[in-house]
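Peer 1: Here are the chains, one letter per residue:
Number of protein chains: 2
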Amino acid sequence: MMVIGLDMMGGDFAPREAVNGVKLFLDKHPSPAVHLALIGDQAQVQPLLDEAGIDASRYRLIHAPEVIGMHEHPTKALKEKIRSSINTGLHLLKEGKIQAFISAGNTGAVMVGALYSIKSMPGIQRPTISTLVPREDGSTGLLLDVGVNADCKPEHLVQFAILGTLYAKNILKVADPGVGLLNIGEEEGKGNLLSQSAYPLLRDNNKIRFVGNIEGRDLFSRKADVIVCDGFTGNIVLKMAESVYDIMNRRQIRDEYFELFNYEYYGGTPVLGVNEPVIIGHGISKGSTFEKMISLAGEVLETRLLDKFRENFTPAKD
Amino acid sequence: MMVIGLDMMGGDFAPREAVNGVKLFLDKHPSPAVHLALIGDQAQVQPLLDEAGIDASRYRLIHAPEVIGMHEHPTKALKEKIRSSINTGLHLLKEGKIQAFISAGNTGAVMVGALYSIKSMPGIQRPTISTLVPREDGSTGLLLDVGVNADCKPEHLVQFAILGTLYAKNILKVADPGVGLLNIGEEEGKGNLLSQSAYPLLRDNNKIRFVGNIEGRDLFSRKADVIVCDGFTGNIVLKMAESVYDIMNRRQIRDEYFELFNYEYYGGTPVLGVNEPVIIGHGISKGSTFEKMISLAGEVLETRLLDKFRENFTPAKD
Numbered sequence: 001m002m003v004i005g006l007d008m009m010g011g012d013f014a015p016r017e018a019v020n021g022v023k024l025f026l027d028k029h030p031s032p033a034v035h036l037a038l039i040g041d042q043a044q045v046q047p048l049l050d051e052a053g054i055d056a057s058r059y060r061l062i063h064a065p066e067v068i069g070m071h072e073h074p075t076k077a078l079k080e081k082i083r084s085s086i087n088t089g090l091h092l093l094k095e096g097k098i099q100a101f102i103s104a105g106n107t108g109a110v111m112v113g114a115l116y117s118i119k120s121m122p123g124i125q126r127p128t129i130s131t132l133v134p135r136e137d138g139s140t141g142l143l144l145d146v147g148v149n150a151d152c153k154p155e156h157l158v159q160f161a162i163l164g165t166l167y168a169k170n171i172l173k174v175a176d177p178g179v180g181l182l183n184i185g186e187e188e189g190k191g192n193l194l195s196q197s198a199y200p201l202l203r204d205n206n207k208i209r210f211v212g213n214i215e216g217r218d219l220f221s222r223k224a225d226v227i228v229c230d231g232f233t234g235n236i237v238l239k240m241a242e243s244v245y246d247i248m249n250r251r252q253i254r255d256e257y258f259e260l261f262n263y264e265y266y267g268g269t270p271v272l273g274v275n276e277p278v279i280i281g282h283g284i285s286k287g288s289t290f291e292k293m294i295s296l297a298g299e300v301l302e303t304r305l306l307d308k309f310r311e312n313f314t315p316a317k318d
Numbered sequence: 001m002m003v004i005g006l007d008m009m010g011g012d013f014a015p016r017e018a019v020n021g022v023k024l025f026l027d028k029h030p031s032p033a034v035h036l037a038l039i040g041d042q043a044q045v046q047p048l049l050d051e052a053g054i055d056a057s058r059y060r061l062i063h064a065p066e067v068i069g070m071h072e073h074p075t076k077a078l079k080e081k082i083r084s085s086i087n088t089g090l091h092l093l094k095e096g097k098i099q100a101f102i103s104a105g106n107t108g109a110v111m112v113g114a115l116y117s118i119k120s121m122p123g124i125q126r127p128t129i130s131t132l133v134p135r136e137d138g139s140t141g142l143l144l145d146v147g148v149n150a151d152c153k154p155e156h157l158v159q160f161a162i163l164g165t166l167y168a169k170n171i172l173k174v175a176d177p178g179v180g181l182l183n184i185g186e187e188e189g190k191g192n193l194l195s196q197s198a199y200p201l202l203r204d205n206n207k208i209r210f211v212g213n214i215e216g217r218d219l220f221s222r223k224a225d226v227i228v229c230d231g232f233t234g235n236i237v238l239k240m241a242e243s244v245y246d247i248m249n250r251r252q253i254r255d256e257y258f259e260l261f262n263y264e265y266y267g268g269t270p271v272l273g274v275n276e277p278v279i280i281g282h283g284i285s286k287g288s289t290f291e292k293m294i295s296l297a298g299e300v301l302e303t304r305l306l307d308k309f310r311e312n313f314t315p316a317k318d
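Going down the list, the sequences are from chains A and B. Quick note: the numbering used here has the first sequence finishing at residue 318, numbered continuously throughout. Quick note: the numbering used here has the second sequence finishing at residue 318, numbered continuously throughout.
Read the hints as simulated data drawn from the structure, not as lab findings. Misleading hints may appear alongside valid ones.
Copies of one chain are not kept apart here, so a pair can be met inside one copy or by any two copies together.
[Unchecked claim] Mimicking BS3-like on lysine-lysine, the simulated pairs with C-alpha atoms at most 30 Å apart in a straight line are: (1) K190 x K28; (2) K239 x K169; (3) K239 x K173; (4) K76 x K190; (5) K173 x K223; (6) K79 x K119; (7) K28 x K76; (8) K223 x K94.
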């Protein structure tokens, strides 16, 4: 049996929307093979679970009386709020009491906490987070890093490319993912110092299928399944895409394709490159988003994604 | 009388669309105060001018028998094609025979040629190009650099901020432009090494009104009138915005606001920080785009924009 841990206090609409997500998930997955560990303030969460009529045999509620706010300083908050839902969840994950941990809370705190407690995989220099990229033909690409690593070295982009390739194969079910380098020109030699140096490393790496540079205008095309960039560029792209969706919403433009820019459609993003499955959700996650994140955690475990990562990275020699 | 030079051979639809632009401009501006120097292959251009019935007293045609292709290597092409329209135009500008030069040709060649012949203004480390940013409320922002300077130092961003402020005041008629730093977090201290270092320099510069960090989601908001970033990030943002417009077009989404993402709406962008007015147009420029670029050149001259740049930059001491 797999036990998936969920931070009930994370996100702007917690704990109510987290409870809604739990209900949606359990209704969709009637098999008792997945058990949920719901982590949060008992006094707040239990009444909502009861009210929603959630089957008590499918979960246990783990009391964590403290909450790290969305805008608190990660390191400081983790230290001061030992009994926060984030600290508690990561501790359970480290102890093997749960097999995956999901939080829509303070992203920085989850990242810092994960790096501190469960740590990077041997051989991985910089764990990363990604975003799914909707394409016009209905397929899905992957862009990484989207904000954890603002400054990158060329070797980091190569590691992102390998992690992304394995994610695309196993989770997105892309048979032979092509990797593109986000850049400001098509030919080798174009770009900034980072992309110029990363190009030959990506081209010569035999764990990936490199397809060359991808310009901003080709982000939503099928030129590459996995697109790598530093976290500064990736975060600007991600936030800009979200704002285009918001503007379209405000202007009441309804379109099947652009609807895919709605973060709710995808749920969360796993932290790629740490020793256990950790999934980070958007602060404004709703019930359906939580449901998708729990499902994603299940897939990450079922496909043994992290074992596949481990097989592809050689620990640095001492 | 001002003489504005126009490269008739630049752009994917040259010379026909350049001729259309000339006609549109002259029809709109019947006063003979502006004279045009049309630079290109006489055999190709003269018949089109005659066909369009353009008043011969408003222009002179300057024969330039060679054309630098859109994908040629800038430095190589400039050296080999001495009699190209780009070389000829920049030479006339340097000699004072024309007061501004416009080209929708090979952007790299125009930039390199301009830096080589008319050179950077004293005190300006890195000339730059910008793009106009349409905002939901109908106002217009300015983003720079958008591709000339892939790698930047913090001081370059400060210079972009000053150039952008003067451009916004004089050309966009924004009374007191606010300057934002494109970044991946709101607070000081967020971002990559470049933005972390640029923040205090921007904050403490008394030639601009700094309003802080601007995230990707706020690019189309009114938080800042001038947004500065390195050319790598700016180019990705620009191309991505163009692709959103293209996708909307393909999906037949018609919307007044997003229609402003059409590059034709704005025309070209001046090279900011060189000694004479040079305006670069999009390769796919149509007649209306050429018309707007000629008008923009007129405005740059009338507002004495370059003198205002000069007053704000102190040449480096030898």
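Peer 1: Evaluate each hint against the coordinates.
Peer 2: Comparing the hints with the structure gives:
no.	hint	in the structure
1	K190 x K28	neither (48 Å within a copy, 40 Å between copies)
2	K239 x K169	both (26 Å within a copy, 28 Å between copies)
3	K239 x K173	both (26 Å within a copy, 29 Å between copies)
4	K76 x K190	between (41 Å within a copy, 16 Å between copies)
5	K173 x K223	within (17 Å within a copy, 41 Å between copies)
6	K79 x K119	within (17 Å within a copy, 55 Å between copies)
7	K28 x K76	neither (38 Å within a copy, 63 Å between copies)
8	K223 x K94	neither (39 Å within a copy, 43 Å between copies)
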